[in-house]
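Student: All residue numbers for the sequence shown refer to my numbering, where the first residue is 1 and numbers rise by one.
Treat the hints with caution; some may be incorrect.
[What the hints assert, rightly or not] Taking CB as the label site, the calculated pair distances span:
#: 1; residue 1: ARG159; residue 2: HIS35; range: 46 to 56 Å
#: 2; residue 1: ARG56; residue 2: LEU135; range: 20 to 30 Å
#: 3; residue 1: ALA158; residue 2: LEU53; range: 45 to 55 Å
#: 4; residue 1: GLU80; residue 2: GLU114; range: 33 to 43 Å
#: 5; residue 1: ALA98; residue 2: PRO50; range: 16 to 26 Å
#: 6; residue 1: ASP85; residue 2: GLY45; range: 42 to 52 Å
#: 7; residue 1: HIS101; residue 2: ALA42; range: 27 to 37 Å
#: 8; residue 1: SER48; residue 2: LEU135; range: 39 to 49 Å
#: 9; residue 1: GLN148; residue 2: PRO127; range: 37 to 47 Å
#: 10; residue 1: GLY125; residue 2: GLY45; range: 15 to 25 Å
These aren't lab readings, by the way, just hints derived from the structure by calculation.
All C-beta atoms, glycine included, are put in the ideal place defined by N, C-alpha and C.
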Amino acid sequence: MAERKKTTAHERLGGQLAELEGSLAVSDVTPPPVHLDKVVEALAGNPSLPPELVRRLFAHRRDFGSVAKRPDLTDSMVAEIIAVDDHWLTHSLALNRALPHAFRMTLTDHPDPEIRAAVVVSADGPPRELFERLLGDPDLRVREYLAQSDHVPTDLRARWRTTRSPRSGRRLPNGGRRPRNRCVGAR
């Protein structure tokens, strides 16, 4: 009968645990990174990350929604993010330039004005209907971002020439566009 060699916890676990000292085990494993949020953010941006792991990152609330900025999100993933309705995830999704227009249109009806403003900021070649929906938005910030967007069709911008500024009530100069060559210190 072969004699079994007694092994320590350290040996059985491949050197991951030091030998037990009383009732406490001392770990030899590398401690979790101090900047775990940065590691998760890097994971969220990894284009090789499998879809099932991308979905798991939706639950990680401390990454401020960076996973929602991925250009490879499927329609079901986008619908899941909208259904979760976490502020940072949804806000990041609204800023995602690769977001399909159908979902962008859905976000124009979101109750949070910051989400609607993010839709305007990231709008790049959206359907005209998006701007028409947001033209009369009750929130000042949404209207201001809309007035500053270069993607608003010219005829909608012409409407602003005859309307009042969302902030001051004055007529909008230059069709609502910001001046281009304005010096920082000029008054």
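Student: Could you run down the list of hints and mark each one as holding or not?
Tutor: Verification of the hints:
For ARG159 paired with HIS35, a C-beta distance near 48 Å keeps the hint of 46 to 56 Å intact. In this structure, ARG56 and LEU135 break the distance hint of 20 to 30 Å, their C-beta atoms being roughly 39 Å apart. Separated by about 48 Å at the C-beta atoms, ALA158 and LEU53 satisfy the suggested range of 45 to 55 Å. Taking 33 to 43 Å as the suggested C-beta distance range, the pair GLU80 and GLU114 does not conform, at roughly 20 Å.
Here the CB-CB span from ALA98 to PRO50 is close to 19 Å, well matched to the stated 16 to 26 Å. Restraint check, ASP85 to GLY45: a C-beta distance of roughly 23 Å breaks the suggested window 42 to 52 Å. Here the CB-CB span from HIS101 to ALA42 is close to 29 Å, well matched to the stated 27 to 37 Å. Take SER48 and LEU135: their Cβ atoms lie about 41 Å apart, and the range 39 to 49 Å holds.
As the Cβ distance of GLN148 to PRO127 is approximately 19 Å, the hint placing it in 37 to 47 Å is violated. Range check, GLY125 to GLY45: about 24 Å between beta-carbon atoms, so the 15 to 25 Å window is met.
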